[in-house]
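A.B. asks: Go ahead and model the full structure; you've got the sequences and the hints to work with.
Sequences listed follow chains A and B, in order.
Take the first sequence: its letter number 281 is residue 281 in the UniProt record's numbering, and every next letter is one higher.
Take the second sequence: its letter number 135 is residue 135 in the UniProt record's numbering, and every next letter is one higher.
You may find that some hints are simply not true.
[As the list claims (entries may be wrong)] 27 Å max Cα-Cα, derived BS3-like pairs, lysine-lysine:
1) B:Lys95 to A:Lys196
2) B:Lys94 to B:Lys105
3) B:Lys114 to B:Lys95
4) A:Lys286 to B:Lys131
5) B:Lys95 to A:Lys286
6) B:Lys336 to B:Lys267
7) B:Lys281 to B:Lys336
8) A:Lys196 to B:Lys105
9) A:Lys196 to B:Lys336
10) B:Lys319 to B:Lys281
11) B:Lys319 to A:Lys196
What the hints contain is simulated information worked out from the structure, not anything from laboratory work.
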Amino acid sequence: MVDISVTRTARRPIRWTVLLDHAVLIAGSLFMLLPLLIVLQTTTMPDTDIIQHGPQLKIGDQFDENLQKAMVQASGFSGENTGLRMMLNSFILGLGFAFGKIVLGMMAAYALVYFRLRFATIAFWLIFTTLLLPLEVRILPSYKVVQNLGMLNTYHGLIVPLIASATATFFFRQFFRSVPEELVEAARIDGAGPVKFFVDILVPLSQTMIAAMFIIMFVYGWNQYLWPTMITTEESMYTLVRGIKQITQVLEGAAVPEFGRSNLLAIIAVVPPVAIVIFFQSWFVKGLTESDK
Amino acid sequence: MAEVKLNSVRKIYPNGAEAVTPSSFHIQDGEFVVLVGPSGCGKSTLLRMIAGLEEITEGELMIGDRVVNHTDPADRDIAMVFQNYALYPHMTVKKNIAYGLKNRKTPGDEIERKVAEAAQMLNLGDYLDRKPSQLSGGQRQRVAMGRAIVRDPALFLFDEPLSNLDAKLRNQMRIEIKALQRRLGVTSIYVTHDQVEAMTMADRIIVLNGGRIEQIGSPSEIYHNPTSTFVASFMGAPPMNLLDARIADGTVQLDGGAHVAAAPNGKTGPVTLGIRPEDVKLDAAGALHFDIDLIEELGAHRLLHGKVAGQPFTTHLLKDVTVEPGRHGVRIDPSKLCLFDTTGSRL
Ligand SMILES: Nc1ncnc2c1ncn2[C@@H]1O[C@H](COP(=O)(O)OP(=O)(O)OP(=O)(O)O)[C@@H](O)[C@H]1O
Ligand SMILES: [Mg+2]
Numbered sequence: 001m002v003d004i005s006v007t008r009t010a011r012r013p014i015r016w017t018v019l020l021d022h023a024v025l026i027a028g029s030l031f032m033l034l035p036l037l038i039v040l041q042t043t044t045m046p047d048t049d050i051i052q053h054g055p056q057l058k059i060g061d062q063f064d065e066n067l068q069k070a071m072v073q074a075s076g077f078s079g080e081n082t083g084l085r086m087m088l089n090s091f092i093l094g095l096g097f098a099f100g101k102i103v104l105g106m107m108a109a110y111a112l113v114y115f116r117l118r119f120a121t122i123a124f125w126l127i128f129t130t131l132l133l134p135l136e137v138r139i140l141p142s143y144k145v146v147q148n149l150g151m152l153n154t155y156h157g158l159i160v161p162l163i164a165s166a167t168a169t170f171f172f173r174q175f176f177r178s179v180p181e182e183l184v185e186a187a188r189i190d191g192a193g194p195v196k197f198f199v200d201i202l203v204p205l206s207q208t209m210i211a212a213m214f215i216i217m218f219v220y221g222w223n224q225y226l227w228p229t230m231i232t233t234e235e236s237m238y239t240l241v242r243g244i245k246q247i248t249q250v251l252e253g254a255a256v257p258e259f260g261r262s263n264l265l266a267i268i269a270v271v272p273p274v275a276i277v278i279f280f281q282s283w284f285v286k287g288l289t290e291s292d293k
Numbered sequence: 001m002a003e004v005k006l007n008s009v010r011k012i013y014p015n016g017a018e019a020v021t022p023s024s025f026h027i028q029d030g031e032f033v034v035l036v037g038p039s040g041c042g043k044s045t046l047l048r049m050i051a052g053l054e055e056i057t058e059g060e061l062m063i064g065d066r067v068v069n070h071t072d073p074a075d076r077d078i079a080m081v082f083q084n085y086a087l088y089p090h091m092t093v094k095k096n097i098a099y100g101l102k103n104r105k106t107p108g109d110e111i112e113r114k115v116a117e118a119a120q121m122l123n124l125g126d127y128l129d130r131k132p133s134q135l136s137g138g139q140r141q142r143v144a145m146g147r148a149i150v151r152d153p154a155l156f157l158f159d160e161p162l163s164n165l166d167a168k169l170r171n172q173m174r175i176e177i178k179a180l181q182r183r184l185g186v187t188s189i190y191v192t193h194d195q196v197e198a199m200t201m202a203d204r205i206i207v208l209n210g211g212r213i214e215q216i217g218s219p220s221e222i223y224h225n226p227t228s229t230f231v232a233s234f235m236g237a238p239p240m241n242l243l244d245a246r247i248a249d250g251t252v253q254l255d256g257g258a259h260v261a262a263a264p265n266g267k268t269g270p271v272t273l274g275i276r277p278e279d280v281k282l283d284a285a286g287a288l289h290f291d292i293d294l295i296e297e298l299g300a301h302r303l304l305h306g307k308v309a310g311q312p313f314t315t316h317l318l319k320d321v322t323v324e325p326g327r328h329g330v331r332i333d334p335s336k337l338c339l340f341d342t343t344g345s346r347l
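C.D. replies: Right, here's the structure in full:
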């Protein structure tokens, strides 16, 4: 055998465009990450220090204490809005929001695509135009409805009014329309009724799509701020994003705001969405770009 | 097992297009019928009406002794094999085959037994745990067949099941499907636009053209006695030679004046003369002159393309006879001649 591996060790010339690409990417990442790092730094400092000097380049020794305060200490009167509690609430909101949107969106899309509804197209466009009416626009009537139904300070009050989703319906509709007609017909001949077809065939086929939707919707739900602020007045119902503000807002005379604690909570609030995106990245890309058919 | 009867079955699509004109035929129990015709002639529409996937606009459809016009596909006791196989991509081969049985609440052990039986019949034993995406085209086709046969239906429906396979595999699957159908004895309707498939597989062929039944008959009837120029030119490769001619003085004459055969009684005027390429013999003493332009080598035989009386013409020559391009005399066997009137129907 002739050894041909020699050629492989030859140095590749440095390509300037590659360097440039990387420089742009690194600059972009720093731009996004630096604020987080600064916030992280402040969590290691005593609050008085932060108020005096602002962010610095040294790492202090208050991290443990701040973590302790952030997770288990309550800030309000009832003592129920601990970091852990708020995190749980945020999870319930994120999961309920994502789950609700996916289930509702899939079922709406199923009806629109597979059933001969007389006004299917009109219905679709009506659903679609709700994209122009986000929660912020209809927040007063929504609040009134929820209040009249006695759903203030409940989880369903927090979740249900948000889950009717044009986005999910739209994506699932596009996906279902790309499922081959013959598959539907084969299933019909195989004796699968509408429910069986949905559960046995359509849902498994939509796996990657569901995963992608889940990520988007979870992050969206987790980051909700306005609605939880309106709906929840009891401290045990606070979500992270809403609760953090409460901490820096304590107006007890000359008390120093707890910057360390609230900044640490801010970091903690960022972690789950980031983790979900990182873990499900490949699914995410797959779901939005290719279909497994 | 069942007979299928169509009584003036008609299809008009919601957009007003009449895809199938009122059509009637009767398929015997255990018969293998092939629906053949050019693209867009309504074959799939007809088949899908029988399957229940498309509503019947008018007429009556019977499978067995039931009128099934308004019966759900699942309750028609049929199985269908689709052109693109339509396998469930997320299920293993085994689950694909078993799905129809499962939906019919067949007991688990019976499903196991039937799937194993079908897998053995179709040589799918080694692939039962694979997903369809891990199979070759031919194997997928077999899975689709398996899904049809485990159900023991009264009627098989095939919509161009082989058109996605390469030529060699198609020949092989053609034989397998036909053999399987013989063995199971299930009434079958098979749609194709490939006349070779139609000729080789069918007990009876139904030729469709523009939503109309052009002819129904055994492959040999269709081949030797086409009732119209459409059938004559659609069936057979190469197709039947069709020449413009006229009847005068009691004989059929080509445009150049050559007398070909005695005419049937009482006809005069222009006609179309049809003759299969293999029914033409090279003969120096023949009455017709054939100007050969092109010789097509096919191994077992050759095709000679050229002109007779200024019109395109093809004949068939066995491999051990040699011939050069140029003018040759040919003789036509008068008993093999088909005459059509100017509208294209058989005289
Ligand atoms: N859903 C529909 N709406 C309106 N017209 C249709 C519809 N489906 C088919 N057609 C028309 O009906 C005619 C017959 O269609 P069909 O699919 O039965 O043809 P085919 O013989 O199966 O052709 P191919 O060999 O190409 O599959 C065609 O002219 C087609 O354009
Ligand atoms: Mg077709």
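A.B. asks: All hints, please: hold or fail.
C.D. replies: Each hint, compared with the structure:
1. Restraint check: the Cα-Cα separation between B:Lys95 and A:Lys196 comes to about 14 Å, which is no more than 27 Å; the hinted pair holds.
2. Proximity of B:Lys94 to B:Lys105 is assessed by CA-CA distance (about 16 Å); at most 27 Å being required, the pair is judged to hold.
3. For the hint pairing B:Lys114 with B:Lys95, the CA-to-CA distance comes to about 12 Å; that is within 27 Å, so the pair holds.
4. For the proposed pair A:Lys286 and B:Lys131, the alpha carbon gap of about 19 Å is at most 27 Å, so the pair holds.
5. With a C-alpha separation of about 25 Å, the suggested pair B:Lys95 and A:Lys286 falls inside the 27 Å cut-off, and the hint holds.
6. Between the alpha carbons of B:Lys336 and B:Lys267 the distance comes to roughly 19 Å, so the proposed pair stays at or under 27 Å and holds.
7. Proximity of B:Lys281 to B:Lys336 is assessed by CA-CA distance (about 12 Å); at most 27 Å being required, the pair is judged to hold.
8. A threshold of 27 Å between alpha carbons decides the hint, and for A:Lys196 with B:Lys105 the separation of about 13 Å falls inside it, so the pair holds.
9. For the given pair, A:Lys196 sits about 58 Å from B:Lys336 by alpha-carbon distance, which is inconsistent with the 27 Å threshold.
10. Simply put, B:Lys319 and B:Lys281 have alpha-carbon atoms about 14 Å apart, close enough for the 27 Å limit, and the pair holds.
11. For a cut-off of 27 Å, the pair hint linking B:Lys319 to A:Lys196 is broken: about 60 Å separates their Cα positions.
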